[in-house]
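Residue numbers (the numbering used here), protein chains in the order written: chain Z, 193 to 392; chain P, 731 to 920; chain R, 5 to 191.
Each hint should be verified, as a subset may be incorrect.
Listed below are the simulated DSSO-like cross-link pairs for lysine-lysine, each with C-alpha atoms no more than 30 Å apart in a straight line [as the list claims (entries may be wrong)]:
| hint | chain 1 | residue 1 | chain 2 | residue 2 |
| --- | --- | --- | --- | --- |
| 1 | Z | LYS255 | R | LYS10 |
| 2 | R | LYS45 | R | LYS63 |
| 3 | Z | LYS290 | R | LYS45 |
| 4 | Z | LYS290 | Z | LYS359 |
| 5 | Z | LYS391 | Z | LYS204 |
| 6 | R | LYS63 | Z | LYS359 |
Honestly, the hints are just simulated from the structure, not real lab data.
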Amino acid sequence: MNKKPAIQELVKGLWDENPVLVQLLGLCPALAVTVSAENGLAMGLAATFVLLCSSFLVSLFRKVIPSQVRIAAYIVIIATFVTIADRFLAAFVPDISKSLGPFIPLIIVNCMILGRQEAFASKNGIGRSLLDALGMGLGFTMTLLLLSSIREILGSGTWFGMQIMWKGFGWKVMVLPPGAFLALGCLIAGANWINSRRKA
Amino acid sequence: MNLLVIFISAALINNFVLSQFLGICPFVGVSKKVDSAFSMGMATTFVMVIAAMVTWLVYNLILEPFNLEILQYVAFILIIASLVQLVEMFIKKVSKPLYDALGIFLPLITTNCAILGLALNAVTKEYSFSQTLVYGIGAGIGFTMALVIMAGIREELELVDIPKAFQGAAITMIIAGSLALAFMGFAGLI
Amino acid sequence: MNNTAKIIVVLTIISIISGGVLAVLDSFTRPRIEDYAEKVKNAAIYDVLPESVKVEVIKVKIDDEEREVYKAIKKNEVVAYAFQVSGSGFQSDLVLMVGVSPDFSELNSLKILSQMETPGLGTRIEEEWFIEQFKGLKLKPSVTYIKNAKPSKDNEIQAITGATISSAAIVDILNTEINKVRLAMNK
Numbered sequence: 193m194n195k196k197p198a199i200q201e202l203v204k205g206l207w208d209e210n211p212v213l214v215q216l217l218g219l220c221p222a223l224a225v226t227v228s229a230e231n232g233l234a235m236g237l238a239a240t241f242v243l244l245c246s247s248f249l250v251s252l253f254r255k256v257i258p259s260q261v262r263i264a265a266y267i268v269i270i271a272t273f274v275t276i277a278d279r280f281l282a283a284f285v286p287d288i289s290k291s292l293g294p295f296i297p298l299i300i301v302n303c304m305i306l307g308r309q310e311a312f313a314s315k316n317g318i319g320r321s322l323l324d325a326l327g328m329g330l331g332f333t334m335t336l337l338l339l340s341s342i343r344e345i346l347g348s349g350t351w352f353g354m355q356i357m358w359k360g361f362g363w364k365v366m367v368l369p370p371g372a373f374l375a376l377g378c379l380i381a382g383a384n385w386i387n388s389r390r391k392a
Numbered sequence: 731m732n733l734l735v736i737f738i739s740a741a742l743i744n745n746f747v748l749s750q751f752l753g754i755c756p757f758v759g760v761s762k763k764v765d766s767a768f769s770m771g772m773a774t775t776f777v778m779v780i781a782a783m784v785t786w787l788v789y790n791l792i793l794e795p796f797n798l799e800i801l802q803y804v805a806f807i808l809i810i811a812s813l814v815q816l817v818e819m820f821i822k823k824v825s826k827p828l829y830d831a832l833g834i835f836l837p838l839i840t841t842n843c844a845i846l847g848l849a850l851n852a853v854t855k856e857y858s859f860s861q862t863l864v865y866g867i868g869a870g871i872g873f874t875m876a877l878v879i880m881a882g883i884r885e886e887l888e889l890v891d892i893p894k895a896f897q898g899a900a901i902t903m904i905i906a907g908s909l910a911l912a913f914m915g916f917a918g919l920i
Numbered sequence: 005m006n007n008t009a010k011i012i013v014v015l016t017i018i019s020i021i022s023g024g025v026l027a028v029l030d031s032f033t034r035p036r037i038e039d040y041a042e043k044v045k046n047a048a049i050y051d052v053l054p055e056s057v058k059v060e061v062i063k064v065k066i067d068d069e070e071r072e073v074y075k076a077i078k079k080n081e082v083v084a085y086a087f088q089v090s091g092s093g094f095q096s097d098l099v100l101m102v103g104v105s106p107d108f109s110e111l112n113s114l115k116i117l118s119q120m121e122t123p124g125l126g127t128r129i130e131e132e133w134f135i136e137q138f139k140g141l142k143l144k145p146s147v148t149y150i151k152n153a154k155p156s157k158d159n160e161i162q163a164i165t166g167a168t169i170s171s172a173a174i175v176d177i178l179n180t181e182i183n184k185v186r187l188a189m190n191k
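Make a model of the complete structure from these sequences and hints.
Structure representation (structure tokens):
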């Protein structure tokens, strides 16, 4: 099998195989928590934490976990780390935990995480799996940060809580569901457009 | 809370897809044809309702009384994964054509955040068993509605020229935005 | 090792490790989380009561549930009651701490403990000017709201433009829930 240079495993998650814009994974949190940049960042980091830990364990034990029960095993591992992340957030930053609401536990069913275990961590060594996880996690976090910044600035005029636009500025729709769909749709279209230009 | 109110809230006002952002992956993935969208919606509703009941029982009869709430996420997702397996085997036995039509999307119901989201919400809101049941049915119907409406629109879109960059997920998102806007109108219903 | 046995062993080991890790996690996060919730609740209680009071907790049965009501005592006299009420808002449950006069005729103050309403619209119910309206609000015959105009009666408040449902929800909760507590306490 032709192995890519190690650094490629990291970089691919940032753009070429960006989990949200290209692979269309993790759309639920991408839409739901990106109301403010702070929330988008927190979600991205939490998901990255879960992805890194899960990929580490799955890769470590990939030769030991029998194939028939691999999905169940991955799920238990992922769910355990999500519980850890959730409890930590609730115990140490309760306000962020409350505004992220049910979406932290929903990291369990974020297809990005389960997907990477099945597609990569179960078939590759620990080093590469960690790089893959880091790349995907960072790509996810960056995309969420971009989307939430757009929504927060256009919707409330602030960024990370700091007033950026003049007071009273705000397209309220951007912080509501329709705005989320619209913004994500444009970002995906934008990514598609950029990619087609690159291939031309 | 009044059962009818819970039902209407879950199906229309706080529609799982268009308002709570749950179940977006199948929403984007399976909404190309109205029949498959409807079948997916029904299969998901079926799993949702049973999952809601089983997770409620496990939480209220086992986890909470024994102070084991920390196991909630692990337990819930395992229950959902097992239910989906069972439903898969059931459909395969009962109607092979339906099984083939749903294909890969059947096992993917496990990762549908709508189901886990539903189970967790019912617990957070401290709904009773019957409230949870109605909540599940309402959520499933709302989910199916969103999928079918989107599929209907996308079928029409096949006949139209969409700019290349927008084809696929992007245009789906934008349409979803208009649908979400429309559904916001239900807010004054109750 | 026989495949089925391997499956059972692996799954059992994973479950045990997961269970163990979670048990440890629970033991050191649960107390912190409960403490924080308790702190928030206590802060809210004192927030809606007049200054320098002693607080006594009494249990009242409402709707088949035992709830806590906080008696505020100053110089051996009851000067106010505080308790938690909740109900549905536009898209989330609203949890409030309210402080009422001893005869339940006036709302001293209210504090919003929890809400997940629409950002920029419904969330404005936490704005100072809106909450100020409720201080000293008369509860009899019931609280009402008016849109796009300053309130003209002392049991009326002005709803938030664009967030009528969230505002109305608060009024509803005050009317129904405070009444329940009043009746349960025979006032």
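- Task: Find the hints from earlier in the document that the structure breaks and name them by number, from lowest to highest.
- Result: 6
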